[in-house]
Amino acid sequence: MNVYPLLIEVLQVLILLSAAPAFVGWVRVLKCWSQGRSSAGVFQPYRDLAKLFSKDVVLAENASWIFRFTPYLVFGAAVLAGGIIPILSTDLPLAATADVIVLVALFAIARFFTALAGMDIGTAFGGMGSSREMTIASLAEPAMLMAIFTMSLASRSTSLSQMAQAVLSGQPVLRPSIAFALLAFVLIALAETGRIPVDNPATHLELTMIHEAMILEYSGRHLALIEWASMMKLFLFAALGIAAFAPWGISTTDAFLPVLAAFIFMTLKLGVAGVVLVLIETGLAKMRLFRLTEFLGSAFLLATLGMLSYFILE
Amino acid sequence: MNLSVAANINSFLAALVLLTAFGMLVQRRMYGLIHLFAWQGLFLSVSTAIVGFVAGKHHLYISSLLTLSLKVVLLPYILHVLIHRLRIQKEVETVVNVPLTMLIGIGLVIFSYHLTAPVRELSTLVTRSTLAVALATVMIGLLMMITRRHAVTQIIGFLAMENGLFFAATSATYGMPLVVELGVALDILIAAFIFGIFFFHIHTTFDSLDVEKMARLKESD
Amino acid sequence: MALLTLLGIPLFAAIILAFVGDRRYAPEINIAGSAATFAAGMGLAFEVYLHGPTLAGNKFFFVDAFNVYLAVLTSFVSMTTSVFSRRYMRREREHGRVGSIRMRFYHAMFQVFIFAMLLCLLTNNVGVLWIAMELATLSTVLLVSLYRTPTAIEAAWKYFILCGVGIAQALFGTVLLYFAAEKVLGEGGEALLWTNLSLVSDRLEPTVLSLAFVFLMVGYGTKVGLVPLHNWLPDAHSEGPTPISAVLSGLLLNVALYALVRCKVLVDGATRTHHAGDIMMGFGLLSIVVAAFSLLRQKDIKRMFSYSSIEHMGIATFAFGLGGPIATFGGLLHMLVHSLAKSAIFFTVGHASQMHRTQDMEKIKGLIRGNPLVGWGLMFGVMAIAGMPPFGVFTSEFLILTATIKDAPLLTPFLLLGLVVAFAALFRRVQPMVSGEVPENQKPMTVAHLPVLLHMALVLFIGLYMPEFLNQWFHTAVELLK
Numbered sequence: 001m002n003v004y005p006l007l008i009e010v011l012q013v014l015i016l017l018s019a020a021p022a023f024v025g026w027v028r029v030l031k032c033w034s035q036g037r038s039s040a041g042v043f044q045p046y047r048d049l050a051k052l053f054s055k056d057v058v059l060a061e062n063a064s065w066i067f068r069f070t071p072y073l074v075f076g077a078a079v080l081a082g083g084i085i086p087i088l089s090t091d092l093p094l095a096a097t098a099d100v101i102v103l104v105a106l107f108a109i110a111r112f113f114t115a116l117a118g119m120d121i122g123t124a125f126g127g128m129g130s131s132r133e134m135t136i137a138s139l140a141e142p143a144m145l146m147a148i149f150t151m152s153l154a155s156r157s158t159s160l161s162q163m164a165q166a167v168l169s170g171q172p173v174l175r176p177s178i179a180f181a182l183l184a185f186v187l188i189a190l191a192e193t194g195r196i197p198v199d200n201p202a203t204h205l206e207l208t209m210i211h212e213a214m215i216l217e218y219s220g221r222h223l224a225l226i227e228w229a230s231m232m233k234l235f236l237f238a239a240l241g242i243a244a245f246a247p248w249g250i251s252t253t254d255a256f257l258p259v260l261a262a263f264i265f266m267t268l269k270l271g272v273a274g275v276v277l278v279l280i281e282t283g284l285a286k287m288r289l290f291r292l293t294e295f296l297g298s299a300f301l302l303a304t305l306g307m308l309s310y311f312i313l314e
Numbered sequence: 001m002n003l004s005v006a007a008n009i010n011s012f013l014a015a016l017v018l019l020t021a022f023g024m025l026v027q028r029r030m031y032g033l034i035h036l037f038a039w040q041g042l043f044l045s046v047s048t049a050i051v052g053f054v055a056g057k058h059h060l061y062i063s064s065l066l067t068l069s070l071k072v073v074l075l076p077y078i079l080h081v082l083i084h085r086l087r088i089q090k091e092v093e094t095v096v097n098v099p100l101t102m103l104i105g106i107g108l109v110i111f112s113y114h115l116t117a118p119v120r121e122l123s124t125l126v127t128r129s130t131l132a133v134a135l136a137t138v139m140i141g142l143l144m145m146i147t148r149r150h151a152v153t154q155i156i157g158f159l160a161m162e163n164g165l166f167f168a169a170t171s172a173t174y175g176m177p178l179v180v181e182l183g184v185a186l187d188i189l190i191a192a193f194i195f196g197i198f199f200f201h202i203h204t205t206f207d208s209l210d211v212e213k214m215a216r217l218k219e220s221d
Numbered sequence: 001m002a003l004l005t006l007l008g009i010p011l012f013a014a015i016i017l018a019f020v021g022d023r024r025y026a027p028e029i030n031i032a033g034s035a036a037t038f039a040a041g042m043g044l045a046f047e048v049y050l051h052g053p054t055l056a057g058n059k060f061f062f063v064d065a066f067n068v069y070l071a072v073l074t075s076f077v078s079m080t081t082s083v084f085s086r087r088y089m090r091r092e093r094e095h096g097r098v099g100s101i102r103m104r105f106y107h108a109m110f111q112v113f114i115f116a117m118l119l120c121l122l123t124n125n126v127g128v129l130w131i132a133m134e135l136a137t138l139s140t141v142l143l144v145s146l147y148r149t150p151t152a153i154e155a156a157w158k159y160f161i162l163c164g165v166g167i168a169q170a171l172f173g174t175v176l177l178y179f180a181a182e183k184v185l186g187e188g189g190e191a192l193l194w195t196n197l198s199l200v201s202d203r204l205e206p207t208v209l210s211l212a213f214v215f216l217m218v219g220y221g222t223k224v225g226l227v228p229l230h231n232w233l234p235d236a237h238s239e240g241p242t243p244i245s246a247v248l249s250g251l252l253l254n255v256a257l258y259a260l261v262r263c264k265v266l267v268d269g270a271t272r273t274h275h276a277g278d279i280m281m282g283f284g285l286l287s288i289v290v291a292a293f294s295l296l297r298q299k300d301i302k303r304m305f306s307y308s309s310i311e312h313m314g315i316a317t318f319a320f321g322l323g324g325p326i327a328t329f330g331g332l333l334h335m336l337v338h339s340l341a342k343s344a345i346f347f348t349v350g351h352a353s354q355m356h357r358t359q360d361m362e363k364i365k366g367l368i369r370g371n372p373l374v375g376w377g378l379m380f381g382v383m384a385i386a387g388m389p390p391f392g393v394f395t396s397e398f399l400i401l402t403a404t405i406k407d408a409p410l411l412t413p414f415l416l417l418g419l420v421v422a423f424a425a426l427f428r429r430v431q432p433m434v435s436g437e438v439p440e441n442q443k444p445m446t447v448a449h450l451p452v453l454l455h456m457a458l459v460l461f462i463g464l465y466m467p468e469f470l471n472q473w474f475h476t477a478v479e480l481l482k
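Chains as they are written, first to last, in my numbering: chain A, 1 to 314; chain B, 1 to 221; chain C, 1 to 482.
Hints in this document: simulated from the structure, not taken from any laboratory.
Virtual Cβ for every residue (Gly too), placed ideally from N, Cα, C.
Please note: incorrect hints may appear among the correct ones.
[To be verified] Here are the computed lysine-lysine pairs in the BS3-like style, where the Cα-Cα straight-line distance is at most 25 Å:
| no. | chain 1 | residue 1 | chain 2 | residue 2 |
| --- | --- | --- | --- | --- |
| 1 | C | 482 | C | 363 |
| 2 | B | 57 | C | 183 |
| 3 | C | 406 | C | 482 |
| 4 | B | 213 | C | 299 |
| 5 | C | 59 | C | 406 |
| 6 | A | 31 | A | 269 |
| 7 | A | 31 | A | 286 |
| 8 | B | 57 | C | 59 |
| 9 | C | 406 | C | 363 |
[Stated by the list, open to error] So the derived list for chain B, only partly shown, Cβ under 10 Å to chain C, looks like this:
| no. | residue |
| --- | --- |
| 10 | 162 |
| 11 | 191 |
| 12 | 211 |
[Unchecked claim] Covered by chain A, according to a simulated footprint, are these stretches of chain B (three or more residues, beta-carbon under 8 Å):
| no. | stretch |
| --- | --- |
| 13 | 29-37 |
| 14 | 129-135 |
Working from the sequences, and respecting the hints, build out all of it.
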């Protein structure tokens with residue numbers, strides 16, 4: 001048995017764990033620049049995490065096991081997802097057993113438990129955040145699956161590795177279905193990772209927060225794990241987008257040099273992804289909650305149009 | 001430019017036409033609507049020119065130019081001027097139930113796909129697959145005219161339908177004979193003047209371009 | 001040559017009238033233009049009678065037994081309408097309902113409208129047919145809103161939007177037709193010429209043509225005013241000036257039906273089934289029944305008669321859908337007599353509502369005592385349109401009914417029901433209007449005698465005796481539409 005794929009798998013997870021805070025830091029730095037503020041640097045998220053880990057956990061009296069269990073689960077789901085998405089190489093042992101639908105399910109489990117934990121304490125904010133989160137999820141997940149189905153129609157597989165390989169080996173042509181799917185994916189990714197215009201990760205304003213409301217009662221290492229997981233989620237969505245729509249540079253073998261090249265490409269592409277994200281976030285204003293149905297509805301529409309145009313136009 | 005690349009670009013433009021059609025379906029602001037309409041005309045015009053080039057049909061260049069001047073420049077300009085004159089640029093239309101409208105729109109796309117299946121099977125042209133998109137654009141224009149309540153929006157829906165018809169002619173048959181294309185363009189121009197006059201009449205009589213206010217003619221019981 | 005003259009005159013008259021404007025003699029020029037058109041139409045008819053079908057203008061125009069009688073009918077009714085409109089519009093002007101600019105517009109557009117309809121009838125190109133049909137709509141839209149009342153604007157907007165939507169479907173149908181034709185006839189304008197298409201109709205792709213027919217049916221059916229696409233019709237007829245109602249009802253609906261029937265012939269040739277006919281029968285029958293029951297509920301006099309137009313167009317559509325020599329003959333005849341009778345009715349209705357300054361039937365009374373021509377004209381007009389012998393409508397309806405009993409006996413009860421209900425509804429309303437004492441709100445006025453008398457005489461004449469040339473044309477047309 002070849003151990004290289006396993007090594008790369010481990011390497012990927014390590015990169016995910018270590019680079020996710022840096023990616024978030026990069027986005028924050030860019031955002032500060034675009035708004036003319038001075039930034040705290042790319043590495044500030046590491047310092048935040050370290051500080052949170054060193055603090056004690058304060059638990060509410062009526063917190064059940066769900067509340068304590070959720071941070072680990074969320075964190076674990078994110079790490080597992082990192083093993084599925086081809087970040088460096090398409091030759092991953094885990095990717096062969098788990099496809100995109102599993103990936104969506106992993107995110108769904110994490111979200112489900114976060115929502116439960118939000119309600120577990122019984123505070124008003126937690127419940128409100130959970131209900132909002134589930135509303136968004138119920139709209140975003142069908143759209144996400146639709147976009148994925150469009151992609152898998154085009155590559156004839158639901159496995160992410162094979163999708164990436166199909167794009168890599170195919171002719172570089174303009175495919176309307178993939179363009180639609182990409183647009184849909186961007187909208188969904190904004191919703192799933194809780195960015196503007198759906199949610200604002202920087203606010204703790206009572207009326208607008210969604211994700212922050214659910215985790216308001218967490219502290220110490222629990223909070224650190226959840227924060228870390230949500231950083232990884234952002235990283236993962238960027239990586240997912242790259243793997244599905246712009247996999248150029250990702251290695252298809254286990255040789256050292258292509259993997260190294262893939263790492264450099266990944267860094268560059270993530271840098272660009274951060275710029276795009278900041279451009280979107282500065283360009284848009286946060287939407288009112290009840291306009292979100294329209295936002296995610298258009299994501300669903302785009303994904304469906306992608307699928308239809310695969311049949312109609314290709 | 002070889003044939004498959006041209007067909008590829010053409011289907012991409014078709015997808016953009018469809019996207020603008022959906023955009024118009026849910027756009028609330030007047031100016032946004034007009035801009036979307038102009039974009040649609042531009043995609044159409046480029047697509048027609050490409051088809052004309054690939055198929056060697058030179059009368060399509062004339063159609064393309066006609067589309068460009070009429071639907072990208074003139075009609076949006078007229079609408080702009082009218083909206084400015086009537087001081088309704090701030091008017092934001094309430095659009096009911098956007099997700100439902102979108103779903104109906106998707107249904108219409110599927111319906112068009114099935115309806116045009118016999119034509120697609122018989123056709124040998126590179127553009128045959130876009131016919132379904134063309135019919136879908138017509139249907140979405142129709143849907144827009146049904147669901148929207150503003151006179152300007154209804155007219156834009158009408159013009160979007162016309163875009164779809166023009167697209168259909170290009171994709172099914174590489175364009176109708178020139179005399180027909182010119183006649184249709186003339187009709188549209190006349191229609192543009194007529195709706196321009198109408199906007200003033202409706203505005204002075206009803207103090208608004210909301211078609212909902214025109215509900216006096218009903219079957220009396 | 002006569003063909004091009006026929007098309008040229010209204011266009012020329014329109015230009016002159018646009019310059020003449022609201023001068024005192026504008027109506028007379030309008031009449032002269034229409035009369036010249038009618039003369040040219042008679043000339044053309046004579047030519048066709050002697051030499052048979054002809055092509056003109058580089059195969060761009062053609063005339064055969066089917067469209068020649070409609071062209072003559074169009075030019076004739078437009079002439080009588082212009083005579084009627086002279087007095088009618090002068091009166092409206094005195095009442096201050098229209099101003100000088102609008103009179104200029106009215107006269108010019110009236111001629112453009114006639115031109116558009118004649119172009120529709122005489123063009124050989126199916127694409128140009130569509131363009132002319134749209135032009136006919138556009139030229140009348142602003143005539144419907146001539147009075148600028150809120151209701152008139154609403155009616156005209158409805159007319160504009162609904163017919164625009166409908167006619168767009170017909171264009172899609174035409175594109176599909178061209179797609180099928182191109183495969184057989186090659187590219188270019190030749191492939192849309194009706195004379196070429198009818199020769200090769202059996203080689204056209206049947207699936208595409210049946211699809212095309214659905215679109216053409218919806219498109220042109222909207223303009224015919226078939227239920228459920230009829231919503232614009234009662235409004236446009238009731239809110240516009242009466243001369244326009246007369247030509248809309250008497251001519252435009254015919255022209256749209258003409259376009260539909262032309263397309264049906266091609267589709268039948270390709271599919272060799274009764275598919276298209278069935279669709280037309282369905283629409284026709286639905287129109288008859290729905291319009292008949294709607295007639296019962298009307299209060300506005302012009303609205304009522306526009307529903308009657310829907311009913312009669314339904315009858316003609318049904319007849320053409322049924323097919324077969326007798327029904328088609330009946331359909332052709334029905335288009336002719338309905339057009340004559342209905343425009344005569346609108347003339348009298350126009351005068352009646354001017355005398356009472358209202359279109360509300362409750363307030364119109366004592367017409368026979370007040371003005372015998374208007375009263376008896378309306379009475380006889382309604383008798384004619386309801387299908388009482390010896391008027392021509394009776395003949396055509398009788399033929400259609402006979403053919404129905406023979407070919408589609410199960411549909412006979414519905415057809416009969418529609419006819420009987422319409423009959424009852426019309427007489428229930430008209431009888432109180434014509435009889436009784438002259439009410440206070442009735443003002444005496446001079447009316448245009450000639451149009452009403454001429455139309456009624458013709459309807460009666462056709463009912464009693466079918467002229468030889470008409471008979472021959474109809475028989476040729478029946479062969480053509482088989």
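For each hint, the structure was consulted:
1. 482(C) to 363(C): Violated. Residue 482(C) to residue 363(C) sits at ~48 Å, over the 25 Å cutoff.
2. 57(B) to 183(C): holds, 16 Å
3. 406(C) to 482(C): holds, 17 Å
4. 213(B) to 299(C): holds, 23 Å
5. 59(C) to 406(C): Violated, at roughly 40 Å.
6. 31(A) to 269(A): Judged against 25 Å, a Cα distance of about 18 Å means the pair holds.
7. 31(A) to 286(A): holds, 15 Å
8. 57(B) to 59(C): holds, 23 Å
9. 406(C) to 363(C): violated, 45 Å
10. 162: holds, 7 Å
11. 191: Given a least distance of 6 Å, the restraint on residue 191(B) holds.
12. 211: This interface hint holds because 7 Å falls under the 10 Å limit.
13. 29-37: Coverage by chain A is violated for the stretch 29-37 of chain B (0 residues, Cβ < 8 Å).
14. 129-135: holds (count 4)
Violation of the numbered hints given earlier is confined to hints 1, 5, 9 and 13; the remaining hints are satisfied by the structure.
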